[in-house]
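Chains as they are written, first to last, in our numbering: chain A, 445 to 713; chain B, -19 to 162; chain C, -19 to 162.
Bear in mind the hints are in silico, worked out from the structure with no lab data behind them. Bear in mind that the values here come from a model prediction, so they are computed numbers and not experimental data. Just so you know, not all the hints are guaranteed correct.
[Claimed, not checked] Taking beta-carbon pairs under 8 Å as the criterion, some of the chain B residues facing chain A (in silico): (1) L76; (2) S91; (3) I93; (4) G137; (5) E147.
[Stated by the list, open to error] Dumping the calculated PhoX-like pairs for lysine-lysine here, alpha-carbon to alpha-carbon at most 25 Å: (6) C:K118 / A:K648; (7) C:K4 / B:K152; (8) C:K152 / A:K491; (9) A:K566 / C:K158; (10) C:K(-14) / B:K57.
All C-beta atoms in this analysis are idealised placements derived from N, C-alpha and C, irrespective of residue type, glycine included.
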Amino acid sequence: MEQENQGCPEPSEETEVSQQAAGDGYQVKLEFFEGPLDLLLFLIRKKKIDINDIPMAVITRDYLDYLEKKDQINLDREAEFLFIASLLIYIKSQMLLPREQETLAEDDPRQMLIDRLLEFQKIKIASSLLREKEEVELQCWRRTFRPPLEKPDELELLQVSLFDLAETFFLIMKRKERENLRIIKGKDVSAEEKLKEIIDYLGKNGSMDFLDYFSSQDSLEEALVSFFCLLELIKNHLVIATQEELFQTIRVWLRKDKTPHQVHGSSHE
Amino acid sequence: MNDQLKAILEVLIFLSQEPLTVDKMREVLGEIPEDELQAVLQALMAEFSREEHGIQIVRSAGGYLFTTKPEHDQWIKRLLQIEKKARLSVAGLETLSIIAYHQPVTQAEVSAIRSVDSTYSIKSLLQKKLIKIVGRKKAPGNPLVYRTSEKFLEYFGLNSLDDLPREEEIAKILEEEKQTIS
Amino acid sequence: MNDQLKAILEVLIFLSQEPLTVDKMREVLGEIPEDELQAVLQALMAEFSREEHGIQIVRSAGGYLFTTKPEHDQWIKRLLQIEKKARLSVAGLETLSIIAYHQPVTQAEVSAIRSVDSTYSIKSLLQKKLIKIVGRKKAPGNPLVYRTSEKFLEYFGLNSLDDLPREEEIAKILEEEKQTIS
């Protein structure tokens, strides 16, 4: 078996390392708390506390400390962090109130919080298990095209969902609105300039989100020209464009093995 | 025979949209003796030319490519026919969305909204039974009026037309577009 | 073994744009005894699982599908000159897990479980077609209700929702985590 390997060079170490770094990416990101429950679970784990018996005073204090530091929380989520802070304080105060009887388990003011944390913890684990599956699946590639068939026009048909239906309608209405308001601009856009602009952009940035690019164009004409340029580039095998489904972002890469001056070359190689 | 190389070439030919040239294989795999590469390619082609395989590797335009064997054409046609029934064209989807949200509606009204003559799309939706004719409008020419059908609800898994996402709901989902990077 | 049937199934699976279900095979081929069809499918999968093949037939979302084997990923990236494929964000994956385990579910319910507004994540999952709208809940405001889609199953290589990691599996990991802490 080992001898049989000779024909196939192993990938360079560099590739291996960069793949690993990519694989660990999401774990690093976990240090940054997306939401308040992430932070709470982190504190509970750090203090080695039993989730079913949370010392409210300690946890509330720790939680508020983190909120004051803020550098590790997602600031877009500040309101949500504050909401849970107020919930913690409320539970703490409930527990301080003198009671006539010994608290029964089901009366524990912490129960609601505990249930939420347990549920959330399950979701976190389910997420990480799905992440592992995603990892494997991303390495299994499928064909997104068919071999040459007799009637290629049949390829353009889509399988559509309710969301597509609603989105399509919404986009038509938007288009309609824009048509009515359209100001005719004098600017002439040449396909040649546009081609160059797209290739230059790809050369500099590696890839582009075509829908973003498309919608950033000044006029409808310019947008259309850029779209036809993209089709031209794909036809000439100068770029790779992927779009999983209709309306999803079209991601465009420059093919590194081709050079721009082939644009006007024949498409038959 | 080098099984691993054979497996890798199979993968590369499988995923390449254009016929995969020997130069391209070299570029991906690094230096491999010419005769070894040729031997493995021959073996791969021989393997798929066996009768128990329905797909084959052919040489075309200076490269290698997977195609289907011609003797299975009738089955391929049937598969495509069946897939076609379950799918819509972009024009069909546009037309259907307008009928769904504006019903009852005439062909002229649909065409006006799309800025494109929609006669053909409507015909095709009628054939797929996703829409139906429900009468005529009291207007010049008495044009036919269309509505979505029972099959439309079934196709999209809806209980009733009230379950269609409302415009403002879709707007809410779509308009937050460029706000955050998730 | 029925070689001709094997060849035809190979072609159909190869051509199908989505995982090909047994029902669809039947629709194309006409009546075939269940056990014969199953036997041929098994033989076909076994054939491509051999090491000399770089492509395989997997069961996905209730159907059969050709994919490349994971061990050849590095060569494919070199062929297509793609650095890496995009993965779901943490927020997206969390939201998707909640929808997977709690479906059918509303946006408000998802947000409550995460304690984080999930509108954007849901939007992004809808656009990726990993989830779908399946109607409305009979509750104040009649909110839209979501489920995971076929594509969700395909994306994670699941044959059906029964293949989702089970409660016991999750509980076991929780238990292990607890022990490493204390």
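Hint-by-hint comparison with the structure:
1. L76: holds, 7 Å
2. S91: violated, 12 Å
3. I93: Holds. Min distance 6 Å.
4. G137: The hint holds - G137 (chain B) has a Cβ within 8 Å of chain A, the shortest such distance being about 7 Å.
5. E147: holds, 6 Å
6. C:K118 / A:K648: Distance of about 52 Å is beyond 25 Å: violated.
7. C:K4 / B:K152: violated, 38 Å
8. C:K152 / A:K491: holds, 22 Å
9. A:K566 / C:K158: holds, 13 Å
10. C:K(-14) / B:K57: holds, 18 Å
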